[in-house]
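There are 2 protein chains.
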Amino acid sequence: MSKYSIGLDFGTNSVRALIVDVGNGEEIATSVWNYQHGEEGIVLDAREPYLARQHPADYVEGVKACVAQSLQEAASQTDFSARDVIGIGVDTTGSTPLPVDKTGKPLAFHDAFEETPAAMAWLWKDHTAFAEAGEITNRAEQMRPQYLAKCGGTYSSEWFWSKIWHCLRVAPEVHDAAYTWVELADWIPALLSGTTHPSVLKRGICAAGHKAMFHTSWGGYPDEEFLSSLDPKLAEIRRTLPSRAYTVADAAGGLTEEWARKLGLPVGIPVAVGALDAHLGGVGSGIQENALVKIMGTSTCDMMVSPLDKDLPDIPGLCGIVPESILPGFHGLEAGQSAVGDIFNWFVSRIQPGGEKGTHEELAEQAARLRPGESGLLGLDWHNGNRTVLVDQRLTGALMGMTLHTSPAEIYRAWIESTAFGARVIMERFEEYGLKVERVLTCGGISFRSPLTMQIYADVMGRVIEVSRSEQTCALGAAMAGSVVAGKEAGGYTDFTEAVVKMTGIREAKYTPIPRNVAIYSQLYQLYRQLHDVFGTEEYSQNLYHVMKRLLSLRDEVISA
Amino acid sequence: MSKYSIGLDFGTNSVRALIVDVGNGEEIATSVWNYQHGEEGIVLDAREPYLARQHPADYVEGVKACVAQSLQEAASQTDFSARDVIGIGVDTTGSTPLPVDKTGKPLAFHDAFEETPAAMAWLWKDHTAFAEAGEITNRAEQMRPQYLAKCGGTYSSEWFWSKIWHCLRVAPEVHDAAYTWVELADWIPALLSGTTHPSVLKRGICAAGHKAMFHTSWGGYPDEEFLSSLDPKLAEIRRTLPSRAYTVADAAGGLTEEWARKLGLPVGIPVAVGALDAHLGGVGSGIQENALVKIMGTSTCDMMVSPLDKDLPDIPGLCGIVPESILPGFHGLEAGQSAVGDIFNWFVSRIQPGGEKGTHEELAEQAARLRPGESGLLGLDWHNGNRTVLVDQRLTGALMGMTLHTSPAEIYRAWIESTAFGARVIMERFEEYGLKVERVLTCGGISFRSPLTMQIYADVMGRVIEVSRSEQTCALGAAMAGSVVAGKEAGGYTDFTEAVVKMTGIREAKYTPIPRNVAIYSQLYQLYRQLHDVFGTEEYSQNLYHVMKRLLSLRDEVISA
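Those sequence lines, one after another, are chains A and B.
Quick note on numbering: the first sequence equals residues 2 to 562 in this note's numbering.
Quick note on numbering: the second sequence equals residues 2 to 562 in this note's numbering.
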């Protein structure tokens, strides 16, 4: 008799439920529910272009709707019964904190704040707190450099403390009404297990460690002295936070009677502590030691794990190194590229090149016929800044090597190549600091939709690129957490090592480096690296006279070969 | 009673006749005849992409056809009579040399060579001789550096000796059948005045000086020892060339009876020695001391004159400094940008951005609404290499500052700005070597079709930009030469100084620098100059970390201003 776990994946515009067969990872049903508030689920403000909020009512409605529908779909399969669901896991966007009252109820559920954006959830992509982020970074550099060392040297406007501080400044009435703030990844499991009260709510290490400067080596969240120096009211918030954080192998609690009834699921099945979507995506892709997992979409998230008992230095430029943020027993390491698919989409949708032949499909088809080096182009993939290893939002995209013959498909390919070079920089940074990248596992839309991109990555990175079997690795990872908190006796697993083996898989088609392409790309990568260092760092001076010449001579060599 | 002069302008695809009122420069009639051979008048070879030839029969037919039609058009005006035409002037593309026999007859007029491309005129844009150009440059660096000093340091594949040498190598039967080679600019006046026989044919200083290394300081054409070291047969050609060259104030001879009959013009009216189109375009734009004339089309040609009796150093990077190549009594100085309109056309026609809104008109309209600095973009206008001051074909276009919001119109404007920065580099080079740019006179398609471009040039160069009244300044300049060789008594002029005053003019609308734009552009220009030097020279090393940051902060300043 099969057992099942449900993964709930709270994305930017919608929530998804995925029902997975615990025994083999088969995804037997899935359903998506679009958030109703604002534009495509995001509450905006025309006067504040950086503002992006979500109404928590959408989360509550969303769980009910998409679980119901996925159960219905699963029920159409003869051997499924909701009674065989043994656990639930949750992943969400982040940092997406929401202010709650003393009982753990979101302020946006109070009549007074029902339509107040500051009282809603502050979506990850809300950048209104950029000034506060800068101040936090500066203060930490002076007072607590160790805080920055674990988050790549820069505290982001997307993160927990920046947002709380900005709220305190621009909407003090909201801040004063809030008892504390809760990450969405923590609030959903608490909601389902009846543990939203701040005194019992479990905080996940993933969001706390990567977004809120939580680290056991300094006793959890940042200390009160540091926070007081920013604003005494931040220290007050600090006092509402626990000193312990939990991994996804811990249960937030059991499904309450009320929610069991609403969802049509067994009462008391465990709900795992939540984590950020990318991290559970890494789990759903089968992350393990010496494997780099790349979640490839509009941006990328690059993840590795390293055993807790192995020495691990601080790695400059990484977004975060947090014990057990991805897998229990391992350090979780996170890096990423701020824009990947976003660059291709910008080129196609905003620049609209190539007339009728300007679709992704047409451009990719033409670009696939080009040989590496043939266009003479070289790009810098910094249209949305550079997350790893430069950690600098104030960098921009560049393209060189254009002639009067340069075509849209050549440029399209050059953008793909530039992101692949950026990916290689990240991989090399991991390796420079002692990690080994023996496998590259990919997931996310690009991984199964763009064979051209994947082959270029294989050729540029010089690694076989494997692609996750699942198209929903985040939800799958969440379901895996559900199977682990359910435990062996209930039909789940003792730990993630076992769950990874049983529930994840890769596709047959792998992308293998083509030696002649690797040879050309390693030369182009040297040029990319020089541009990267000259434009992206303060230290590196160079004459670049050779760059355009080398691009042209490489082109000549490739064409005449 | 008005007197008239005819300007004949042999372009790349067609020949134009322009009938001009000598007294006031009024253009009373014009007619264009398209060459018939090959594709749009150019004989191509699918196996040789760099080959571009023209059949001289097109020149002969063309003169007859377009003069006849322009006379007919003029006759429809009551006060015109062909008897009042007092002179003819000629400008042509160049270097466009053609092989001729002992009598001066083009080889392509012999039955044996009628369809042999090597026996036709080698059009300026024929680049088959790139290897020979490289060898000539190298040899001159060793043996005759003074030759290179007058032509910007590099001998081009487009020029006289490169082409003759290439013919000698790839079509020896043509070369052996040729007695000598004649520039098109020299051959047309000789044809009309019956002086094609090599013993009497007058060579113009313009083509000889700018394209064939002719300079009086070393006795005319390059010496035999130098040419022999390349190939002894080049020294043989050298022996067929005269030691003197003529200016456009000299007559090649009088119109023959036969041609007078064919054209319906008075017998014996003087035909001026020919010159290259851009140079007579400078004359037709009213070139004078301290004025920079810019012919702005697919590429630009930048010209100045400096009195012969004033000291003038060699100026590195200029295409040529030739005594009397533009105006008698003055040094002619030529510079240029390899691609200007070509870049805008490439972007619109090849990249095809912006869907339905991607025309020049639409993009210019949107771009005109942008403020300088607002896009955060900065380009290098080297899509076709850099002619002045870097003299380097192996440079390519670049664009930096792109974000996920960058629009087609922003890029369109950035390309215009990049060419304006390139124009400022040329202007500054002239000034660094002692010339004064008190006026900037422009002509050519862009000057009267793109007010946006002209305003940006005014703002970037910090100069009032004046636009020539005539849309046909090359043909007008040729007609002015006709009026000068006709002389005062015949109703023409004693010299060009007088002709310039009477026959040229500028439009009322001028483009005046806008101070706030000048201030922004001078900052962007500093960044452009740094990129220019780091990518375009071997000497200049720099860290460029500030470039993207400065572009973004300028953008922020402009947007919040």
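Since the hints were made in silico from the structure, they are not lab data.
Be aware that a few hints might be false.
As the list claims (entries may be wrong) - Listed below are the simulated DSBU-like cross-link pairs for lysine-lysine, each with C-alpha atoms no more than 35 Å apart in a straight line:
{"hint": "1", "chain 1": "A", "residue 1": "K4", "chain 2": "A", "residue 2": "K511"}
{"hint": "2", "chain 1": "A", "residue 1": "K358", "chain 2": "A", "residue 2": "K203"}
{"hint": "3", "chain 1": "A", "residue 1": "K65", "chain 2": "A", "residue 2": "K103"}
{"hint": "4", "chain 1": "B", "residue 1": "K358", "chain 2": "A", "residue 2": "K126"}
{"hint": "5", "chain 1": "A", "residue 1": "K550", "chain 2": "B", "residue 2": "K126"}
{"hint": "6", "chain 1": "A", "residue 1": "K550", "chain 2": "A", "residue 2": "K203"}
{"hint": "7", "chain 1": "A", "residue 1": "K550", "chain 2": "B", "residue 2": "K550"}
{"hint": "8", "chain 1": "B", "residue 1": "K106", "chain 2": "B", "residue 2": "K126"}
{"hint": "9", "chain 1": "B", "residue 1": "K65", "chain 2": "B", "residue 2": "K503"}
{"hint": "10", "chain 1": "B", "residue 1": "K311", "chain 2": "B", "residue 2": "K263"}
{"hint": "11", "chain 1": "A", "residue 1": "K503", "chain 2": "A", "residue 2": "K489"}
{"hint": "12", "chain 1": "A", "residue 1": "K263", "chain 2": "A", "residue 2": "K203"}
{"hint": "13", "chain 1": "B", "residue 1": "K126", "chain 2": "A", "residue 2": "K358"}
{"hint": "14", "chain 1": "A", "residue 1": "K358", "chain 2": "B", "residue 2": "K358"}
{"hint": "15", "chain 1": "A", "residue 1": "K489", "chain 2": "A", "residue 2": "K263"}
{"hint": "16", "chain 1": "B", "residue 1": "K550", "chain 2": "A", "residue 2": "K126"}
{"hint": "17", "chain 1": "B", "residue 1": "K103", "chain 2": "B", "residue 2": "K311"}
{"hint": "18", "chain 1": "B", "residue 1": "K263", "chain 2": "B", "residue 2": "K4"}
{"hint": "19", "chain 1": "B", "residue 1": "K550", "chain 2": "A", "residue 2": "K234"}
{"hint": "20", "chain 1": "A", "residue 1": "K358", "chain 2": "A", "residue 2": "K234"}
{"hint": "21", "chain 1": "B", "residue 1": "K106", "chain 2": "B", "residue 2": "K311"}
Tested hints:
1. K4/A x K511/A: The hint holds at about 30 Å.
2. K358/A x K203/A: At roughly 52 Å apart (the allowed maximum being 35 Å), K203/A and K358/A break the hint.
3. K65/A x K103/A: Holds. K65/A to K103/A sits at ~25 Å (cutoff 35 Å).
4. K358/B x K126/A: holds, 31 Å
5. K550/A x K126/B: holds, 22 Å
6. K550/A x K203/A: With a Cα-Cα distance of about 59 Å, the restraint between K550/A and K203/A is violated, given a limit of 35 Å.
7. K550/A x K550/B: This hinted pair holds, its Cα atoms lying about 26 Å apart.
8. K106/B x K126/B: holds, 23 Å
9. K65/B x K503/B: holds, 28 Å
10. K311/B x K263/B: violated, 45 Å
11. K503/A x K489/A: With a Cα-Cα distance of about 13 Å, the restraint between K503/A and K489/A holds, given a limit of 35 Å.
12. K263/A x K203/A: Cα-Cα ~23 Å, so holds.
13. K126/B x K358/A: At roughly 31 Å apart (the allowed maximum being 35 Å), K358/A and K126/B satisfy the hint.
14. K358/A x K358/B: holds, 16 Å
15. K489/A x K263/A: holds, 27 Å
16. K550/B x K126/A: Judged against 35 Å, a Cα distance of about 22 Å means the pair holds.
17. K103/B x K311/B: violated, 41 Å
18. K263/B x K4/B: Holds: K263/B and K4/B sit about 21 Å apart, inside 35 Å.
19. K550/B x K234/A: Roughly 34 Å separates the two Cα atoms, so the pair holds.
20. K358/A x K234/A: violated, 56 Å
21. K106/B x K311/B: Roughly 41 Å separates the two Cα atoms, so the pair is violated.
Checked against the numbered hints given earlier, the structure breaks hints 2, 6, 10, 17, 20 and 21 and satisfies all the rest.
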